[in-house]
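With the sequences and hints as input, model every part of the structure.
So the protein lines, in turn, are chains A, B and C.
Take the first sequence: its position 119, counting from 1, is numbered 119 in this note's numbering, and each next residue is one higher.
Just remember that this note's numbering sits 1000 ahead of the position in the second sequence, which is counted from 1.
Just remember that this note's numbering sits 2000 ahead of the position in the third sequence, which is counted from 1.
Treat the hints as calculated values from the structure; they're not laboratory data.
Note that CB positions come from ideal geometry on N, CA and C, so glycine has one too.
The reader is advised that the hints may include incorrect statements.
Stated by the list, open to error - Incomplete in silico selection of chain B near chain A, CB under 8 Å:
| hint | residue |
| --- | --- |
| 1 | 1276 |
| 2 | 1327 |
| 3 | 1384 |
| 4 | 1430 |
| 5 | 1431 |
| 6 | 1519 |
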Amino acid sequence: MRLRDLVVHAGLVATSLLTLFPALWVVSMAFRPSQSFDTSLLPIPEVISLDNFRDLFSRPHFFRQLGNSLLVAGLTTAIGVMFSCTAAYAFSRFRFPGRRAGLLALLVTQMFPGTLMLIPLYALIESLGLLNRSAGLVLVYSTTAIPFCVWNLKGYFDTLPRELEESAMMDGAGPFVVFWRIVLPLSRPAIAVTALFSFLTAWNEFILAATFLSEEQAYTLPVTVQSFVGAFSTEWGHFAAGALVVSLPVMAVFFALQRHLVGGLTAGGVKG
Amino acid sequence: MKNVAALGPCLAVIFATAFGAMVVDRYASHRALENGQAFALHLAAYLAQEGDVAIAQEGDVAIAQLRAHPAVQSAALVKVVAADARYPFLRRLEVVAHTDPSRVGTRLLASSEDDKRVADLVHIGGVTALSDRRFQAGVGSAVVTSMPITRVGLPVFGLAIGALAALLFWLDLVRKQPTSRVRPLIGALLCVGTLFTLLGWRIVAIDRLEGAARSTADPIAATFLLAVVVLLPLVGTGVLGSMRGVGPSPHRRAYAYVAPALVGLSLLVVLPFLFGVALAFTSEVDGQTTFVGLDHFIHILSSTGRRLTEPLSFYFTAAVTIAWTGINVALHLAIGLALALVLSDPLLRFRGLYRVILIVPWAVPSYITALVWKGMFNQQYGLINHLLLKFGLEPVAWFSGFFTAFVANVTTNTWLGFPFMMVTALGALQSIPKDLYEAARIDGASAWQQFRHVTLPLLRPALIPAVLLGTVWTFNMFNVIYLVSGGAPNHATDILVTEAYRWAFEQDRYGYAAAYSVLIFLLLLVWGLFAQRLTRADES
Amino acid sequence: MRGRRIAWALGVCACSAATPPAVPDPPRTELTVWHSYRGDERLAFLATVSAYDATRPDLDVVLVAVPHDALPDKLGVAIPRGNGPDVFVFAHDRVGDWAQRSYLEPLGFLTDAALAERFYDETLSPLVYRGDLYGLPLAFKCLALYYDRTLVTEPARTTDALIAQTTALRARDPAVWGLGYEVDSLYFHQPFLDGFGGALYSDERDTLAFDSNEAAASLDFVRGLLVDHKVIPNEATSALVSSLFLKHSLAYVVSGPWFRAELAGHEGWGVAPLPIVSATGRPSRPFLGVEGLMLNRYSKHKTAAFELMTALTTDDAAFVRSQTGGQLVANRQVYLRSEVRDDPFAQVFRAQLGHSVALSNRPHMRRMWTPLKDALSRAIVHGEDPAAALRLARTRVEEGAP
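Okay, here's the thing in structure tokens:
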């Protein structure tokens, strides 16, 4: 038994190192005082300096932009999870005309390449009066995230045994109560995955954000990070520092969410 | 069938009013543009025939005519004069005739608000005339007008009313007992919205005259046309169905749950999608958009005169795309699932730490990490060749051959993509009741048998969405290929979406790129229909 | 919980107390400027803008930094809908496209000879499209030859000298490379294309001419540098080139003014004009790019915006951009001031400006990059027949022409 544990840990450590290794170059570039791309054989900076981070934090509106990013990603997560929970539940539990078409439609929305979507999306957001506002981004991001969220949650709901809901119904609980009190708590793992996905959809996006927002204090953080890329050269040190700063909240969010990735269904939960 | 009526009204109301308002808006600005330009061009052409001598006299006549026009506040006839022999692009505007007679013979002032408006409009009428070959020889003159401007946000207003009506509709549908009392109110709201948008177009037209030279691109108009065609049946069934009172009572709750997600989605996805489809039938040359029918599709599908097995032919690229997608998704799934199985063991120590480390590739912006991978694959200074050398192997020129470049792309994308699959699988694994494993153990099942007969079948429904959407995303994953191999060698490792991207952003041929996108969409649609059969089996 | 609520209340009080009494402001015109400057260039541009802003109490100039990659598309969607900036900064190569789409205000009516005289003629003409001027030049960018003083005492003036020097260096130390640049990029290949007598177009009407014998000879020449003389490292990306140069393992780099930022803190380098091509005796002329201030056709404040543009291109403002931002400014007089006159970097590039070919600002030019990149990669990296590779590129460009 102990040997098996050792093997598992050895394997996991190896995988973790392999996973982290390419990212270490980003760390190395962030902590080097240089702005050139690190092409050295190993990601070990010769001189360590915090200049890149200092430059980054002293950029105008930096913390405001961090706040914007958190707001946009947070709202996207909230809206994406809320609407997809209800929709996924309907798709999983109710049989209604248009159900298959609806599910397929969700999938279909992901199929058209996004390269040409910029102009019509801009026109739409403009006509809704949401240019330059976080709300416009939240709207676009949550619609981008919803198809996966619905499909993922629907897949999970499908695995939940209906007996629980049926017995609750027999105890006199309304459909909404069943959904809220029984289905949602049982689906915590899938909701956590969905939330992380929604958060990341909104968090790293910069093209739409750079197009829809026209005030530096309204920018989200990835826009600022991307502005270190120039026509002929890129300030890689600043970019890497920004990339690290951008990734940390993701890890924090995941760390917070991952405790929900523990058994939604208990052994005694299923009758039978 | 009558239950389709339920979803119809909600969507239809929003679309109908919003599109109505936008169509009117577009139409109005087109008309304003045509009128304004035609007027100025006509007079410029007329005066051009007479030559410079006559301009002064004819100009007075033109000014008098314009003065009689109720919308015209001031008008001027100006002549374009070369200002400096050394710099041929420097010009001056001299006033030939003006509603204010004292201005005749003076130079147009950049400081005067009125003159500025005049100068702005010279560029609409006059410069257009100048760049037209017919007028180039003789004349630099133009008639300009300025008009009162009012701004009314009618499209937004129409949309607001539409949204309100749709909300009411939705609430009505969600209620336990459907009432017909709300419906007349909705109808009234709709009428008001339509009336406002229709009445408002004249005002909008004048408003838009200021920016009259804006692009007259047809795709947008075509989008609305398509939208109307697509939505008419929906509107029809929706409105008729609800009017006849055949409310979707048995399925109201289901529709109510689904509607919010679908309404937002249809607004933000359907319209851009239709725009893309419309664009695929057009071609743009020198800012002028023309309808070219199926030309782009024929061109692409005839593999543009190349052999079918040559890079850059549609079929070769499609084959590469399918291989790329299949291999990537398989790798993502295998690695992600394996890690998830290990990491879902509740007794494993440092579980949280491993999980957070393994999500790093997903968290760090891929723009920089993809370039790091490209650096690792460098022929002379890359880490990977260095390691190959260490182990006594020959270094590889990764981006010189199709196979090696493809491997480099797949490696990078596997690294970038497995965390998503791992996290999804971690979530999905929790849906398997633990007592099933206990039962299996008691029956003496080995670990592999447990995986084969308990985990896999139970995981399937929860994992299919990730695989399905992962496939679609990988199919359209353009930045990895663009950043790592860049299509090297000779576009062999390009996939369909990078090709579409190249046509759009490197060649400025958006219509052609849109045709590519439509073909990509159709391929994926076939896959989606096929995949849906797979899921159907799970639900029964 | 209670403590926090009190703190909030206090915060609100403090805020309201700190609010100054309302004074009716004079009506201010707000001008928006979009740019994608970074680093020192951004600071210098900011300085000139705020200096002008301070002299104009009636104006508010709002600067917005937009990521370079996103700026053209953003302009393309924003300007026609009236949401564009009043003024923006971009390279001249999009001028033709934007002028055709009526995004840009022609400046010929607003500009006079005195203003035009500020700039080198070479920097004005790229901003002219079909006889109209569409921007005021801020700065120019072109390639020159960077060299490592520890490896090369006297920079080579001809390609033959360059080959001789670098092969000698390589013979002495194989870890040292001779010349570094992206061989499969048209932008970097242009000097040799031109030096061998080739050109992209034969006239102003987009007639293609790059499948000439001269162009093929230039490809052969670079193939020779890469394979026969082995002075260029394989897969020389800009990242690799700069890291080699920083390690003193690379004698020459073909790069532009932006390269200086990467050499911050690095000692022992110099800049020289690009060498003369020995086979033809012609100078190798790089592409010239001009960053211009452009005026939005739909700006509501064109007069004020043009005044701003004029103020940002004065010799004094240009001097600030040159000194603080390290820019190669377009103003003639600046190069006579002692600080710039004694700066070899600025003077070398100014000399190179006289031997440069302006990138075409016609929309057609954008179709050339990828097909020619393919041709360069085929002929130089993979050793295919140059003439055939160029003909293939020609088909691809013509295919791109609708």
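We went through each hint and held it up to the structure:
1. 1276: holds, 5 Å
2. 1327: Violated, because the Cβ-Cβ distance from residue 1327 of chain B to chain A comes to roughly 19 Å (cut-off 8 Å).
3. 1384: violated, 10 Å
4. 1430: holds, 4 Å
5. 1431: Where the cut-off is 8 Å and the nearest Cβ of chain A is about 4 Å from residue 1431 of chain B, the hint holds.
6. 1519: With a closest approach of 10 Å, the residue 1519 of chain B hint is violated.
Hint violations for this structure: numbers 2, 3, 6, all remaining hints satisfied.
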